[in-house]
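Sequences listed follow chains A and B, in order.
FYI, in my numbering the residues of the first sequence are 884 to 1213.
FYI, in my numbering the residues of the second sequence are 10 to 337.
Hints listed in this document are in silico derivations from the structure and should not be mistaken for laboratory results.
Worth double-checking, as some hints may not be accurate.
Unchecked claim - Examples of chain A residues toward chain B, derived with CB under 7 Å:
1. Asn-911
2. Asn-984
3. Thr-985
4. Ala-1194
5. Met-1198
6. Arg-1202
7. Tyr-1203
Stated by the list, open to error - Quick list of in silico lysine-lysine cross-link-like pairs, PhoX-like style, CA-CA up to 20 Å:
8. B:Lys-33 with A:Lys-923
9. A:Lys-1111 with A:Lys-967
10. B:Lys-276 with B:Lys-248
11. A:Lys-1093 with B:Lys-248
12. B:Lys-57 with B:Lys-291
13. B:Lys-39 with A:Lys-1170
14. B:Lys-325 with A:Lys-1170
Backbone N, C-alpha and C fix where the C-beta goes; we use that ideal spot for every residue, glycine too.
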Amino acid sequence: MDVKVGIPRALFYYQYYPLWKTFFEELNTEVVLSDYTTSKTLDEGTKSCVAEACLPVKIFYGHVMNIKDRVDYLFIPRFTSISKKEYVCPKFGGLPDMIRNTIKDLPPLIDTEINLRKSGKNAMKAIMEIGGFLTKDQRKIKNAYKKALESYREFDEKIKQGVLPSDILDRKLNVIRKSSEPELNIAVIGHGYNLYDNYINMDMIDKLRKKGTKIITIDMVEEEVIRKNVSVLPKRIFWNFGSRAIGGSMHFLEREDIDGIIYLMSFGCGVDSFICDLIERRIRRTKDIPFIILTLDEHSGQAGMDTRLDAFIDMIRWRYRNDNNISAHG
Amino acid sequence: MKTSHYLGIDVGSVSTNLVVINEKDEIVDKLYLRTSGQPINALRNGMKTLYQRLGKDIKIEGVGTTGSGRQLASVIIGSDIVKNEITTHAIASQKLVPEVRTILEIGGQDSKIIILKNGIIYDFAMNTVCAAGTGSFLDRQAARLEIPIEDFGSFALRSTAPVRIAGRCAVFAESDMIHKQQTGHSIEDIINGLCEALVRNYLNNLAKGKDIEEPIVFQGGVAANVGIVAAFERAIGKKIIIPQYYDVMGAYGAALIAKEEVIKNGKNTNFFGFENTQNDFKAKSIECNGCSNMCEVIEIASNDVVVACWGDRCGKWSAVKRENQSVS
């Protein structure tokens, strides 16, 4: 029987799943994903996780609880850095340790460190180590990685064309638009694991689509564009997400077709608290574009989210109606 | 002959407000009722009172609902439009103070700032995950100190020495108030300190980075608190206008929108009539076991017929409601 590798459907899943899936399958293993996030995931996560952790980490815990008993290995890599001279949130770096020290009866963890801070070449080292958990055949590992990169590129290309990662990963492109008004382009900035997990964000994406909007995220912006924009800052941003969020937002500000910008942050996220403020200041200084910050936490009541989204879209449409009125008479 | 009127309803966390306007957009009657955790009862009492006062003379041609209980109110009363409270507050404010540029609104659980430019909403912000500094917190403190909430503000005005209270979090504020009270500060000074803390918190969070330009209108239940108003004026250094109907502005805005909606579409109102709101409405909470989301679904029944459901994430229950509604 095939060895089963478990992948929690959380955090970097939304960024790298196609890469991981192909890689592990090429090594003749069966990839087992945890179920979609539900309130049970959050309940279990909150119970097993330290109280101070942020919501997405608690959700990650819930996903680990969901699959730990049905797999031979759990894939929880230690993400230190995924780009040159930048880090990811320290919680990712400590994730395998946090999990190991708080959850009992775990299968062995594949917890290889991924650290590309000094050089992208370290990726290969990490890959060989991850593959080493499953086979001794080094050539096979290299080939698996090559195939995995192809899957990843295919995934990334679709995103760059404007498809949301969650539409590719979850395969449910069936939201019915309920608005008869012109389509609006709304840029939503936030961590992938907040944007693309329908449970965490209270169906924000679907709600916005029903109101007749097209969603644009920083994942759709080409890396070179992001880097070019962010390079004008006087100092390098410490975090990979921070650079991408700021570079992406600056790009959105340059574009004429973006009707509004939403920043989705999770309460208690250190990175968000800095980056959100930087972005807000930059937006307010540069352009007269509708902007709102939405904060997520463990609330399950959706009224707060609905009111804010409603009012935000109302405000944009009202502005346009007003502009049109003026030009019609002027 | 009965004259045409429009009804606006704002079901908020602390108060349920009803406003009736005439064709000239004037308020002919208003009610500010405590929700007391039971919005259905509050609504029915409100409708009963309105019926006794006006029922014989007016005909309701349109109904608008707003506030966090706007869906509930819409199902029970039968509404023509359901609108978020930011839009309704702005519309009402513009009606009474046409040049308004900044709206400060503090209600039971929410606080908002709305910035208007060229007569439209230009920007807004609402409090985030925390309800510190809103009406429900003031209510609680008034109850703890055994001071009627109506007198809370005047206590603050009698303060003679400043006392600093932490305003970042309601729990911290309360423990700070208790510490200060145990060391002998006067109750007037502590209440004034609290008012200043709330205003400081509001300005640092909601109004951060926004230009507060005149005319400034302060509305919502908390605008009744003269202590908060004074603290705002001190902090901003500008004059603050409290509109005549400050406590029912959401409902007023809802009535104005309902009127516009009905006239624009030339439709007959969905209003069930005053008599029908006296039906036996019951809300039941069920935990759906369809999947591990275990949604807390609310089922609203009128005389044992389910008229609405919500709270489900997948739409299974709320779809049932739509079928039932189209039949009725």
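Hint check results:
| no. | hint | in the structure |
| --- | --- | --- |
| 1 | Asn-911 | violated, 31 Å |
| 2 | Asn-984 | violated, 26 Å |
| 3 | Thr-985 | violated, 22 Å |
| 4 | Ala-1194 | holds, 4 Å |
| 5 | Met-1198 | holds, 5 Å |
| 6 | Arg-1202 | holds, 6 Å |
| 7 | Tyr-1203 | violated, 10 Å |
| 8 | B:Lys-33 with A:Lys-923 | violated, 53 Å |
| 9 | A:Lys-1111 with A:Lys-967 | holds, 15 Å |
| 10 | B:Lys-276 with B:Lys-248 | violated, 42 Å |
| 11 | A:Lys-1093 with B:Lys-248 | violated, 41 Å |
| 12 | B:Lys-57 with B:Lys-291 | holds, 17 Å |
| 13 | B:Lys-39 with A:Lys-1170 | violated, 41 Å |
| 14 | B:Lys-325 with A:Lys-1170 | violated, 42 Å |
Comparing the model with each numbered hint stated earlier shows that hints 1, 2, 3, 7, 8, 10, 11, 13, 14 do not hold.
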